[in-house]
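Asker: Okay, here's what each chain looks like letter by letter:
Protein chains: 2
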Amino acid sequence: MDPRWSELSARIGAEKVRPWDPETLGAYARDESGLGAHAPAAVVFPSSTEDVAEVMRFASAHRIPVTPCAARTGKSGGSLPLPGGIALSMERMNRILELSREDLTLVVQPGCVTGQVMAAAEEAGLFYPPDPNSWETCSIGGNVAENAGGPRALKYGVTRDYVLGLEAVLPSGEVVRTGKRTIKGVAGYDLTALLVGSEGTLAVITEITLRLVPLPREIRTALCIFPDEGSAARAVAGILGAGILPRTLELFDDCSIDASSRKGPYRFPDGARSAILAETDGDEGEAVMRQLERLGGIALESGAIDVLVAQTETQRRDLWATRRRVSEALRLLHPLKVSEDIVVPRSRIPEAVERLKALGRTHGLTVATYGHAGDGNLHANVLFDREEERPRVNACVDDVIRVALDLGGTITGEHGVGLAKRDFLPLEQGEGLIGLQRALKGVFDPLGILNPGKIFL
Amino acid sequence: MDPRWSELSARIGAEKVRPWDPETLGAYARDESGLGAHAPAAVVFPSSTEDVAEVMRFASAHRIPVTPCAARTGKSGGSLPLPGGIALSMERMNRILELSREDLTLVVQPGCVTGQVMAAAEEAGLFYPPDPNSWETCSIGGNVAENAGGPRALKYGVTRDYVLGLEAVLPSGEVVRTGKRTIKGVAGYDLTALLVGSEGTLAVITEITLRLVPLPREIRTALCIFPDEGSAARAVAGILGAGILPRTLELFDDCSIDASSRKGPYRFPDGARSAILAETDGDEGEAVMRQLERLGGIALESGAIDVLVAQTETQRRDLWATRRRVSEALRLLHPLKVSEDIVVPRSRIPEAVERLKALGRTHGLTVATYGHAGDGNLHANVLFDREEERPRVNACVDDVIRVALDLGGTITGEHGVGLAKRDFLPLEQGEGLIGLQRALKGVFDPLGILNPGKIFL
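Read top to bottom, the protein sequences are chains F and W. Taken in order, the first sequence gives residues 1 to 457; the numbers are from UniProt numbering. Taken in order, the second sequence gives residues 1 to 457; the numbers are from UniProt numbering.
Since the hints were derived computationally from the structure, they do not count as laboratory data. The beta-carbon is built from N, C-alpha and C at its ideal position, and this holds for glycine as well. A couple of the hints might just be wrong.
What follows is a set of in silico ranges between Cβ atoms, one per label pair, in the way DEER data are often shown [to be verified]: (1) F:A61 / W:L427: 45 to 53 Å; (2) W:E123 / F:E354: 27 to 35 Å; (3) W:E23 / F:E351: 53 to 61 Å; (4) W:E123 / F:D318: 37 to 45 Å; (5) W:L447 / F:G448: 21 to 29 Å; (6) F:T312 / W:E328: 55 to 63 Å; (7) W:R390 / F:P426: 26 to 34 Å.
One side only, chain F facing chain W, incomplete, derived with CB under 8 Å [stated by the list, open to error]: (8) D103; (9) G243; (10) I244; (11) E414; (12) P426; (13) G430.
Calculated from the model, a selection of chain W residues having no Cβ within reach of chain F, i.e. all distances over 12 Å [as the list claims (entries may be wrong)]: (14) D283; (15) W320; (16) R346.
One chain only, chain F, in its complex shape:
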């Protein structure tokens, strides 16, 4: 065994240090980005903040790169250990530490599965709103690192909006506590906000203090069915323009409907070429229903052919299961895909949907668009069948990104830059701004050992 791993084993315990073995550790070389396998030299499993600090001191002394990971469900390659080194898996630090009903706070370790975090809040009659699609398997630490979103971001905001404070280990091994346990607090620079979304490149997060909100007592769900994407996109603009803020407004385009109807559990009716899955919530059932009815009325005025209100919890669950499986379902149309995560200002959604569709025609490929239309965050998927098509696919993806920027949007709404969008960042941000970010990275990580190769080229 590499004597370095013996040294680290002696420092934190042999059961926490596993030199690379593709047979048993293969999963640690991959994530959900589809960006291939990148094997680390060892996978390390800390069980405490002190372990993490020790690993970072060791890594600093030996100049070994460290890439934090947990559930490895990321879509941008943020947890891929590009340069080898240590894959620092936070999965054993998975405890819920403290919930306060009175303070509406929840303190958790980064390896908690997001679904557990949601469930812990709900058991106390409280609500942790961020709901990335992978909530059943992803980790809260990964959500914080990537500033994950989800359908409910429309009304409730993203992960950053719920992080009050952090404990984190700097690359040097120093432990810092940022933020607060209170809703308000403006003492010093907001390092909490800086660490959220920094994709594991500035510090290793070891504890998270979350803000919770009261659990809305009533939820109503409707599926609005349209004959084309244009009318669906107009409905989104109309609903928001009417001052209605539903908790979700999820768009399906024609491809997503075709794919979803094959996958199920919900089968769209004939004639459905686009759809919006809308949900309203609040404390008063009648008011929540009236808001949904107003929303449905606007959908019908915008050209919807039907508005179906979920009558049972099973119907609601089926609709959401269908929405959550769109990404997989698209593989039933074409086995390969590149999934983008652009955002456009809401007023430009109709134009974005149309231009993305046209891009597919230009490149001779299928572009399927679905996602969080209410906040302009569209998952544009370029579908294809054979690896040989990759150059054409890449050209199309490039154009997808340019459409987002051209419409005043951004290259990534919730997946992060990581490795997947590293080359595109200079298209969105000026040299000065990127230079500033590199300099900040240098303050936290002067040796450049923490998650190198991500965000910036």
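Fit chain W to the known structure of chain F by using the hints.
Answerer: Coordinates of chain W only, in the frame set by chain F:
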């Protein structure tokens, strides 16, 4: 005239550069912190981003300190030009640049008065929620610099939650654009969040893109009157614990009630020794009223002697005018005061109120507590009559800060550290965290010319 001012006049126009003259410029040496007069060497009035860039290039070349200011309504001395140099007043950059009803965005210059920003949103049927007490006179740029809060922060969050993007000028004169125009977006580090609340020490903000939300159509207001602070504090905990999230829960203690009853316009009834001004909002009048009724019921169970629901807009306005004037009204009891801005976890509010009152007795001073009880942000005011009492007052303020920290809170909820709380920051934050912030400051401002002497000693 100092030849440097002639040079700057030549570069940006003589009408924008005014060498110090205490007769006509005296106001630029002060703010609302009560921390005395600090005269700049010149007051400069840029009218464009290019002007600001030119001033910063000039200041960098001559190593002249620059302190941004606008309405000078800050409470922590953030805009006091401590080391002389240039007071950079943003007051002429006061235009509303663009409102998009569809995107729910508003682009403004930093010198806009916050009340104008609110009004511009409301004219479009939209809502800019942050409502610092000084909203009629303070500037939106100052709100962004300090991350201002206000009563509605309880439900709607603080200024940071509404800033999507910024244009800012670095101390070098370089112009950067941070953030986005869309709700979601995770490209790179969140420099927008870092600049918000950085108290004018990292960059000069020259343009702000704000997120708006739909304007709630219905608001209901109630004043809950209590025989003592303990029952009011319990009511706050009970209301939030019941899953009710009103838009405000403002606390008055006995001193605040006595002072307010002298000042008006509202006169509290006999027996009122504490009160909560509560407001609920939403789109459905009946649901909003029912929420207020549930809230009032909990207040009564907690010991309220009366719950008065505002019946007219005039009554509502009077209640709010009374709340907004508490700070001034306290001067009717004692002419001098030091106003603190602590936050405690909500569960500790009863204990905080009690301990603050006891501190007054210990130090032989009156401590009046009022403010945003719903989020734990209490304005604890140490009242006194003569300057000679200052040492005793300072000792009491010191204890107020320690109570906040002892209860797991923070030294400042919305006023900022500035000069006023600079000495207290090391009580809340460790050396490592403060060192990290100093290093970040060094990245933005290597020459140390931008608002020196603030936040850190």
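Asker: Against the structure, test the hints numbered earlier, and report the numbers of the ones violated in rising order.
Answerer: 1, 7, 12, 14 and 16
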